[in-house]
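Taken in order, these protein sequences are the chains called A and B. The numbering used here numbers the first residue of the first sequence as 1 and each following residue consecutively. The numbering used here numbers the first residue of the second sequence as 1 and each following residue consecutively.
These are calculated hints, taken from the structure and not from any lab test. Where a beta carbon is used, it is the ideal one built from N, C-alpha and C, also for glycine. Careful: at least some of the hints might be erroneous.
Which bits of chain B does chain A cover? Going by a derived footprint, with three or more residues having C-beta under 8 Å, they are [unchecked claim]:
{"id": "1", "stretch": "36-44"}
{"id": "2", "stretch": "48-58"}
{"id": "3", "stretch": "89-96"}
{"id": "4", "stretch": "100-109"}
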Amino acid sequence: QKEVEQNSGPLSVPEGAIASLNCTYSDRGSQSFFWYRQYSGKSPELIMFIYSNGDKEDGRFTAQLNKASQYVSLLIRDSQPSDSATYLCAVNGEYGNKLVFGAGTILRVKS
Amino acid sequence: DAGITQSPRHKVTETGTPVTLRCHQTENHRYMYWYRQDPGHGLRLIHYSYGVKDTDKGEVSDGYSVSRSKTEDFLLTLESATSSQTSVYFCAISGGDGETQYFGPGTRLLVL
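Bound conformation, chain B alone (with noise of 0.2 Å):
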């Protein structure tokens, strides 16, 4: 397995409240990735890194704000959580363009 971990794998929290997911590697991949996975939209992709300090938005990123401020860690932050932001967070890392993404093992996070 691809050297992924994700942190922490169950949260509960309440609406309102800063909530931020860790994904930390050991592959020394430039890109790292967040994704949701809800039932009936697959995976989308909610930001991204192709190196430290560099990220881009994906589909899904209104109410989420990343930060990458070394090569194996990547947080992904819920400023205030909402009831829509329950979901299974994945995290992923690529080597390059093109290349296969490997996931970490996911977050389940329920916002009451």
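One chain only, chain A, in its complex shape (with noise of 0.2 Å):
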């Protein structure tokens, strides 16, 4: 069984700071990597996508991928209290095109 770990939080940081956001997989043939950002009440908007090791920035996010540490990260630079919902976390595998979700990080930016 495949398995996608994000602390829960709440994670809470001040207005401008940068929030870094973690997860863990346990499939080393996972290949692709999304972060999708969801307020309350609304259904996952897509962040970033990140598919090799590095860095990979947009704008005031950049996602974070190491593969031989099964991590993948998102940093938030600048935030901004309308950066406040869960962000999810999401792998899939080497064969098909199956996302295993993490059960997400509440994240809040406090003005």
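Two chains, two frames, some hints: make the complex.
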């Protein structure tokens, strides 16, 4: 059974700070990694995807992947109150197109 | 937003009643998925489809069936609803292996 683990939080950061969200996964064959943001009562929306080891930046967001250590992280720079949401990490396997989701980390950005 | 709609958006039903949820997409994507989301469990895959009439089970498929007779529609049926199936149900679509999944707005189902 593939597993994706996230700290449930809540992670509280002050406005303007860097928020660091972490995720570990169990399947060494995993090839694709995704971060979704979900506001309360809404559906998940994609923030970032990453396939290769290293960092990938998009605006205030940076995804980091380390396949050897089996973790993926999301950094949010200059955190804003509007970033307050649940962040879901998702991983798919070497074959097929099924995603396994972590339970999510609640982020609270305080102004 | 990806062209995905779900109907109904909210439903209250009684134990033992059959329920069908519909997912409709306008993106002509090959893959369609049904997930349920419950507190503490995150998103769990119920069933998915990789083409018309091609479906497979996910992690929590017991008590659910699906059908896909057209590319754009993916139906989820609770054959005899139970209180444990009270949840929020999300449909998702994807263009291909390893590609991003995009989610519909969700259906809140309450089984009394």
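Results of checking the hints against the structure:
no.	hint	in the structure
1	36-44	holds (count 5)
2	48-58	holds (count 3)
3	89-96	holds (count 3)
4	100-109	holds (count 7)
The structure fails none of the hints (numbered hints given earlier).
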